Amino acid sequence: MTGYGKSVLQLPTKKISIELKSLNSKSLDLNARMPSMYRAKELDIRKLIARNLVRGKVDFSLFVEITGEDTSSKINKTVVKEYIKQLKEVVDGDAIELLKMAIRMPDAITTERDDIDEEEWSLISEEIDKAIANIVIYREDEGATLKQDFEDRISTLRRLLNEVITMDPERIDGVRARLEKGISDIKEKVDENRFEQELVYYIEKFDITEEKVRLENHLDYFTKALDSEDSNGKKLGFISQEIGREINTIGSKSNYAPMQKLVVQMKDELEKIKEQLLNVL
Numbered sequence: 001m002t003g004y005g006k007s008v009l010q011l012p013t014k015k016i017s018i019e020l021k022s023l024n025s026k027s028l029d030l031n032a033r034m035p036s037m038y039r040a041k042e043l044d045i046r047k048l049i050a051r052n053l054v055r056g057k058v059d060f061s062l063f064v065e066i067t068g069e070d071t072s073s074k075i076n077k078t079v080v081k082e083y084i085k086q087l088k089e090v091v092d093g094d095a096i097e098l099l100k101m102a103i104r105m106p107d108a109i110t111t112e113r114d115d116i117d118e119e120e121w122s123l124i125s126e127e128i129d130k131a132i133a134n135i136v137i138y139r140e141d142e143g144a145t146l147k148q149d150f151e152d153r154i155s156t157l158r159r160l161l162n163e164v165i166t167m168d169p170e171r172i173d174g175v176r177a178r179l180e181k182g183i184s185d186i187k188e189k190v191d192e193n194r195f196e197q198e199l200v201y202y203i204e205k206f207d208i209t210e211e212k213v214r215l216e217n218h219l220d221y222f223t224k225a226l227d228s229e230d231s232n233g234k235k236l237g238f239i240s241q242e243i244g245r246e247i248n249t250i251g252s253k254s255n256y257a258p259m260q261k262l263v264v265q266m267k268d269e270l271e272k273i274k275e276q277l278l279n280v281l
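In full-length UniProt numbering, the protein residues as written are 1 to 281.
In short, the hints are calculated from the structure, not lab data.
Incorrect hints may have been included.
In silico EDC-like links for lysine to aspartate or glutamate, alpha-carbon gap of 20 Å or less [to be verified]:
1. K253 with E275
2. K212 with E142
3. K14 with E65
4. K274 with E210
5. K6 with E127
6. K14 with E142
7. K26 with D129
8. K6 with D29
9. K21 with D44
10. K274 with E142
11. K74 with E118
12. K205 with E170
13. K253 with E163
14. K21 with E127
15. K234 with E127
16. K181 with E163
17. K15 with D117
18. K235 with E216
19. K74 with E89
20. K21 with D173
21. K57 with E242
22. K234 with E275
23. K130 with D149
24. K272 with E242
25. K47 with E126
26. K147 with E82
27. K57 with E82
28. K130 with E140
29. K47 with D129
30. K21 with D129
31. K15 with D107
32. K6 with E82
33. K272 with E142
34. K253 with E170
35. K21 with E118
36. K100 with E82
Predicted model only: the values in this text are computed from it and were never measured.
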């Protein structure tokens, strides 16, 4: 959700610059800066930005640079003359110096707040649309890069899952061998049928068939959601949580060092996916 958009409007007496900056955030956090005369339009601006950007920590700035004779600040001549008159009664100074002092006095400068010219605002509104379009393009370019990164990492998770599936029979054989060796070491005669029943029960506790199937389904669902045209950052976040659950369960049940190494790699890939999901709407 990081992005930047800018647009500049040149009017006869002023230049208006509009900037939008966006950083990651779970919701829309909008900060708007603009001259006081445009504050009446702030709610409209917020609605427009919220409709188009949806989420992110967004800074909106509208800067005005006066390039002509138009200015809202005026010298209050009557007040300044009165200040100079009073100052002359206190000190006999140079007229320029007295003027410098008077102009810094309260009410020497007045600011007239003009109403917004609707024709001017219409032009400004079009420039805001352009700035929003620019930041959306920026986000889409970043999104394309992120999509490729997600696809690569999901592909890596599939590869690691396939290695787990391939390794699983070897793991079960290892569990069986360890149990048989344990019985042999204590040199106890056991009922073979009972031992086999207990062995099956014990091995079932380490069975990860369901986890493997669910994990594969979650990876498929993630890929499908990734290709959706809708805004789906939160959905991808939920799916990644489910992926994490299955990976953790496989790790806790594996009881086999080579498989646990694969699980660690899977967790590392998933954490990188979760970090990048903060950038998705």
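Now the hints, each set against the structure:
Among the hinted pairs, K253 with E275 is inconsistent with the structure: their alpha-carbon atoms are about 26 Å apart, more than 20 Å. This hinted pair does not check out: K212 and E142 have alpha carbons roughly 32 Å apart, beyond 20 Å. With a C-alpha separation of about 5 Å, the suggested pair K14 and E65 falls inside the 20 Å cut-off, and the hint holds. A hinted pair counts as satisfied when its Cα atoms are at most 20 Å apart, and K274 with E210 does not qualify at roughly 24 Å.
For a cut-off of 20 Å, the pair hint linking K6 to E127 stands: about 9 Å separates their Cα positions. Simply put, K14 and E142 have alpha-carbon atoms about 34 Å apart, too far for the 20 Å limit, and the pair is violated. Among the hinted pairs, K26 with D129 is inconsistent with the structure: their alpha-carbon atoms are about 23 Å apart, more than 20 Å. Straight-line distance between C-alpha atoms of K6 and D29 comes to about 19 Å, which keeps the hinted pair within the 20 Å bound.
Annotation: proposed proximity of K21 to D44 holds, straight-line Cα distance about 18 Å (limit 20 Å). Between the alpha carbons of K274 and E142 the distance comes to roughly 16 Å, so the proposed pair stays at or under 20 Å and holds. Using a Cα cut-off of 20 Å, the hinted pair K74 and E118 is violated, with the two alpha carbons roughly 24 Å apart. Our distance criterion of 20 Å between C-alpha atoms is met by K205 and E170, whose separation comes to about 16 Å.
As the CA atoms of K253 and E163 are separated by approximately 16 Å, the hinted pair is consistent with the 20 Å bound. Between K21 and E127 the alpha-carbon distance is near 15 Å, which keeps this suggested pair within the 20 Å criterion. At most 20 Å may separate the alpha-carbon atoms for a hinted pair to count; K234 and E127 exceed this at roughly 31 Å. Among the hinted pairs, K181 with E163 is inconsistent with the structure: their alpha-carbon atoms are about 27 Å apart, more than 20 Å.
For the proposed pair K15 and D117, the alpha carbon gap of about 15 Å is at most 20 Å, so the pair holds. For the suggested pair K235 and E216, the alpha carbons sit about 17 Å apart, so the restraint of at most 20 Å is met. Among the hinted pairs, K74 with E89 is inconsistent with the structure: their alpha-carbon atoms are about 26 Å apart, more than 20 Å. Distance hint between K21 and D173 is unfulfilled; the C-alpha atoms sit about 58 Å from each other, more than 20 Å.
About 27 Å separates the Cα atoms of K57 and E242, which puts this hinted pair outside 20 Å; it is violated. Note on K234 and E275: the hinted pairing holds, with a Cα-Cα distance of about 13 Å set against a maximum of 20 Å. At roughly 29 Å between alpha-carbon atoms, K130 and D149 are farther apart than 20 Å, so this suggested pair is violated. With a C-alpha separation of about 15 Å, the suggested pairing of K272 with E242 holds against the 20 Å cut-off.
Simply put, K47 and E126 have alpha-carbon atoms about 15 Å apart, close enough for the 20 Å limit, and the pair holds. For the suggested pair K147 and E82, the alpha carbons sit about 70 Å apart, so the restraint of at most 20 Å is broken. For the proposed pair K57 and E82, the alpha carbon gap of about 50 Å is over 20 Å, so the pair is violated. Pair hint K130 plus E140 holds up; C-alpha atoms about 15 Å apart against a cutoff of 20 Å.
At most 20 Å may separate the alpha-carbon atoms for a hinted pair to count; K47 and D129 meet this at roughly 12 Å. At most 20 Å may separate the alpha-carbon atoms for a hinted pair to count; K21 and D129 meet this at roughly 14 Å. Under the criterion of a C-alpha separation no larger than 20 Å, the hint pairing K15 with D107 is inconsistent with the structure, at around 28 Å. Of the pairs offered as hints, the one joining K6 and E82 is violated, with about 47 Å between alpha carbons and a cut-off of 20 Å exceeded.
With a C-alpha separation of about 16 Å, the suggested pairing of K272 with E142 holds against the 20 Å cut-off. The straight-line distance between the Cα atoms of K253 and E170 is roughly 14 Å, inside the 20 Å bound, and the hint therefore holds. Annotation: proposed proximity of K21 to E118 is violated, straight-line Cα distance about 26 Å (limit 20 Å). The suggested pairing of K100 with E82 holds, with an alpha-carbon distance near 14 Å, which does not exceed 20 Å.
Hints 1, 2, 4, 6, 7, 11, 15, 16, 19, 20, 21, 23, 26, 27, 31, 32, 35 from the earlier list are contradicted by this structure; the remaining hints agree with it.
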